[in-house]
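Asker: Single-letter residue listing:
Number of protein chains: 2
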Amino acid sequence: MNVEIVTIGDELLIGQVVDTNSAWMGDTLNKAGFAVKQITSVSDNEGRIIEALEKAKQNADIILITGGLGPTKDDITKVSLCKFFNTHLVFSDEAYAQVSHFFTLRGSDVSDVNKLQAMLPANCHVLHNKVGTAPGMWFNTDGKIFVSMPGVPYEMKLLMTDEVLPRLKNIFATPAILHKTILTQGIGESVIAEKIADIEDALPPYIKLAYLPAVASVRLRLTGISNNTDLENELNTLVADIEARIKPYVYGYDNDTLPAVVGRLLKQKQQTITLAESCTGGYIAHLLTSVPGSSAYFKGSVIAYAYEVKEDMLEVDKQVLQTKGAVSEEVVVQMATQARQVFKSDYALAVSGIAGPDGGTAEKPVGTVWISLAYEGGTVAKRFKFGTDRNRNIEATALTALHLLFSKLIAV
Amino acid sequence: MNVEIVTIGDELLIGQVVDTNSAWMGDTLNKAGFAVKQITSVSDNEGRIIEALEKAKQNADIILITGGLGPTKDDITKVSLCKFFNTHLVFSDEAYAQVSHFFTLRGSDVSDVNKLQAMLPANCHVLHNKVGTAPGMWFNTDGKIFVSMPGVPYEMKLLMTDEVLPRLKNIFATPAILHKTILTQGIGESVIAEKIADIEDALPPYIKLAYLPAVASVRLRLTGISNNTDLENELNTLVADIEARIKPYVYGYDNDTLPAVVGRLLKQKQQTITLAESCTGGYIAHLLTSVPGSSAYFKGSVIAYAYEVKEDMLEVDKQVLQTKGAVSEEVVVQMATQARQVFKSDYALAVSGIAGPDGGTAEKPVGTVWISLAYEGGTVAKRFKFGTDRNRNIEATALTALHLLFSKLIAV
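So the protein lines, in turn, are chains A and B. For the first sequence, my numbering gives the first residue as 45, with consecutive numbering after it. For the second sequence, my numbering gives the first residue as 45, with consecutive numbering after it.
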């Protein structure tokens with residue numbers, strides 16, 4: 045069952061908005077056994093929209109459309125759908141009841157602009173959008189399914205989950221598609237490729253291996269498509285074989301994230317973590333606290349951007365700060381040790397570095413970072429040299445710091 | 045001059061990677077006067093790749109391709125390009141020299157896998173990738189330009205900036221495309237639409253207005269395409285007219301961000317900000333410190349996740365914490381006041397709330413947040429009720445807190 049996603053909106057083509065909807069839909073559809081074959085993004089232009097829909101109709105069985113359903117004049121998806129289906133807009137009592145219910149709940153009246161949301165193509169079946177004012181629309185024409193949804197991610201996701209996927213599963217029998225992903229940090233793509241070359245060469249035709257590099261990490265994704273084998277076991281065996289070759293670098297699987305994995309380990313051990321962040325400016329704390337339930341093991345953090353904060357809040361020795369500089373082994377070790385004491389935690393991570401773009405010297409160029417971990421009975425500190433881009437340096441530092449904690453947690 | 049972007053990679057279609065490359069390319073091309081008409085994402089499949097290239101060739105003058113150039117077996121873009129151009133791979137001495145230089149700089153040898161990076165389609169012109177091992181490729185065929193680049197964002201961006209854009213500008217004369225964007229917070233899309241309906245109705249055909257809603261904010265983007273009018277002045281007048289209707293909600297223009305705008309104001313006034321974050325867990329600090337040069341006005345922060353941290357580091361009254369709860373006006377005001385004193389800053393923002401998914405009560409459901417700002421001579425505190433999604437609540441809280449600071453900075 046081939047799916048094509050068509051995303052509509054000038055903002056996507058001029059890069060004002062990143063199309064995160066397609067990735068979410070691709071992931072969700074894939075897990076349900078539907079294969080997305082193409083994603084096409086076009087502008088708010090009738091000709092372009094209709095052309096994209098025509099091509100999608102040739103290639104796919106299911107065409108999922110997002111965007112261009114707002115109450116404002118730049119949104120022309122509904123009009124374009126009417127032309128494409130050779131129909132016209134009609135006032136839908138059902139859609140109007142949903143829109144007015146939405147406003148009643150919020151204690152306000154339906155404005156004239158929002159009344160227009162109830163004008164829909166005559167051939168559509170209305171899908172209830174519980175969290176927004178633009179209804180979803182379901183079309184079944186010439187044996188093809190078309191679904192039009194708002195571009196607001198929150199609204200699209202609820203419509204997909206509550207309305208679209210259950211209907212699609214009812215209609216189509218889906219083949220078995222399975223993914224297994226191994227998450228690594230601290231090893232390069234080509235080094236992995238050499239270590240597992242023989243395993244890769246011996247893969248059966250229905251299993252594919254992909255390397256997905258990101259900042260400071262590489263993910264290895266195995267995809268199997270087959271109804272005739274014991275796919276799950278076969279993939280699990282492959283995961284074990286690959287992992288045996290690169291064991292020290294593997295921190296998780298599938299949708300794991302390093303902050304979630306670290307959090308799980310801390311929870312199991314009933315231990316706590318605190319932070320003293322300088323160059324990462326709160327990003328490590330943000331990664332940790334993005335995980336639901338993180339208050340069980342994350343107690344708090346001092347973000348010490350200014351010298352005086354390092355002195356006052358973390359009691360870093362003034363003379364060491366002046367002679368060695370804030371970006372030094374001595375200072376980062378003091379930061380970690382003090383944070384652990386002040387917050388009374390089992391572990392404390394500290395980072396100090398030069399994120400850039402300014403502040404580098406010949407001895408300590410932009411991208412120089414010291415990371416320290418304090419634990420019961422000791423500390424460890426390491427120096428790293430990342431790149432020149434501020435936000436990449438912040439991200440690489442944060443993930444490397446969390447990986448240092450991960451290595452300690454699995455070692456003890 | 046029409047551009048199509050073709051992004052290649054299974055990871056895009058199964059949603060394991062969000063396609064941020066296209067947005068960056070769209071933005072960069074647009075500013076250079078090139079209009080992106082379509083973005084197509086296809087899997088690592090020879091047939092799909094060739095079909096996408098053929099369709100792009102029909103519709104566009106310039107086809108920019110990313111992805112599928114890694115050294116590993118799942119990357120088949122080069123082989124597909126050979127089929128598409130009816131040519132074959134040859135060993136490029138030029139590309140090999142670049143790849144070996146890359147490894148020499150890093151003190152290692154070229155592995156066998158990486159030697160394959162120098163095998164390129166016979167008809168391509170090599171573009172030097174200074175930060176990676178996969179060269180860019182430039183093709184000029186039947187009056188159409190094709191460029192193939194790696195999918196790693198960092199490598200693609202440098203190739204675009206250093207190689208591709210200068211060449212495109214040399215070849216094509218570009219029309220005038222101008223964008224002006226007004227950034228608002230605290231007002232809804234449809235309220236804005238009603239307030240400026242007459243301005244929108246009177247827009248000339250060569251100027252379009254788009255509403256771009258995001259978490260806690262709406263951006264209004266005016267796009268003008270014309271070589272015959274004084275477009276810049278005309279757009280500036282429209283911006284002023286629109287802004288006059290919604291003045292209190294406008295915090296910036298174009299590529300401004302709220303953290304950058306707030307930072308600029310603090311720098312101008314030579315004032316400083318510190319934070320006491322609870323439910324946002326470091327995200328406000330992260331937003332502020334993502335801005336280069338933020339150390340001039342951001343001194344530090346205490347992330348007080350645990351009750352005891354609120355007591356110990358911020359000296360929040362234990363009894364108030366127990367009787368009123370951490371999510372209360374009294375506590376958040378004490379957090380802001382204490383942070384301002386401890387860090388010796390001009391302003392301090394404090395937030396305390398229930399991000400979710402757990403921890404809500406009937407009286408204080410998930411999404412309940414108190415925000416306080418302490419300044420010389422006083423404090424202000426406000427209660428908000430956001431939604432049920434943890435990460436949306438964190439983002440909305442952070443932006444709302446920064447907007448509170450913004451309002452104070454422009455009022456004094």
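Each hint should be verified, as a subset may be incorrect.
Note that the list lumps identical chains together, so a pair holds whenever it fits in one copy or between two copies.
[As the list claims (entries may be wrong)] When the alpha-carbon atoms are kept at most 27 Å apart in a straight line, the in silico DSSO-like pairs for lysine-lysine are as follows:
hint	residue 1	residue 2
1	Lys188	Lys81
2	Lys81	Lys213
3	Lys291	Lys368
4	Lys81	Lys117
5	Lys213	Lys101
6	Lys117	Lys239
7	Lys99	Lys122
8	Lys311	Lys426
9	Lys224	Lys426
10	Lys388	Lys188
11	Lys127	Lys239
12	Lys122	Lys81
The hints are simulated quantities; they were obtained by calculation from the structure and are not laboratory data. What you are looking at is a predicted structure, and each value in this text was computed from that prediction instead of being measured.
Asker: Look at each hint and say if it fits the structure.
Answerer: Hints versus structure:
Taking identical chains as interchangeable, the C-alpha atoms of Lys188 and Lys81 lie at most 27 Å apart whether they share a chain (15 Å) or sit on different chains (26 Å). In the homo-oligomer, the alpha carbons of Lys81 and Lys213 lie at most 27 Å apart inside one protomer (18 Å), although the nearest pairing across protomers, at 33 Å, exceeds that limit. For the homomeric pair Lys291 and Lys368, neither the shortest alpha-carbon distance inside one copy (37 Å) nor that between copies (50 Å) is at most 27 Å. Proximity of Lys81 to Lys117 under the C-alpha cut-off of 27 Å is restricted to the inter-copy arrangement: shortest distance 20 Å between copies versus 31 Å within a copy.
In this homomeric assembly, Lys213 and Lys101 come within 27 Å of each other (Cα to Cα) only inside a single copy, at 20 Å, whereas the closest approach across copies is 36 Å. In this homomeric assembly, Lys117 and Lys239 come within 27 Å of each other (Cα to Cα) only across copies, at 14 Å, whereas the closest approach inside a single copy is 56 Å. Taking the shortest Cα distances, Lys99 and Lys122 sit within 27 Å of each other both inside one copy (18 Å) and across copies (25 Å). Taking the shortest Cα distances, Lys311 and Lys426 sit within 27 Å of each other inside one copy (26 Å), while across copies they are farther apart (34 Å).
Taking CA atoms no more than 27 Å apart as the test, Lys224 paired with Lys426 passes in neither setting, with 32 Å inside one copy and 46 Å between copies. Taking the shortest alpha-carbon separations for Lys388 and Lys188, neither the intra-copy value of 61 Å nor the inter-copy value of 65 Å comes in at or below 27 Å. With identical chains, the CA atoms of Lys127 and Lys239 are never at most 27 Å apart, being 56 Å at best within one copy and 31 Å at best between copies. For the identical chains of this complex, Lys122 and Lys81 are neighbours both inside a copy (24 Å) and across copies (20 Å), given an alpha-carbon limit of 27 Å.
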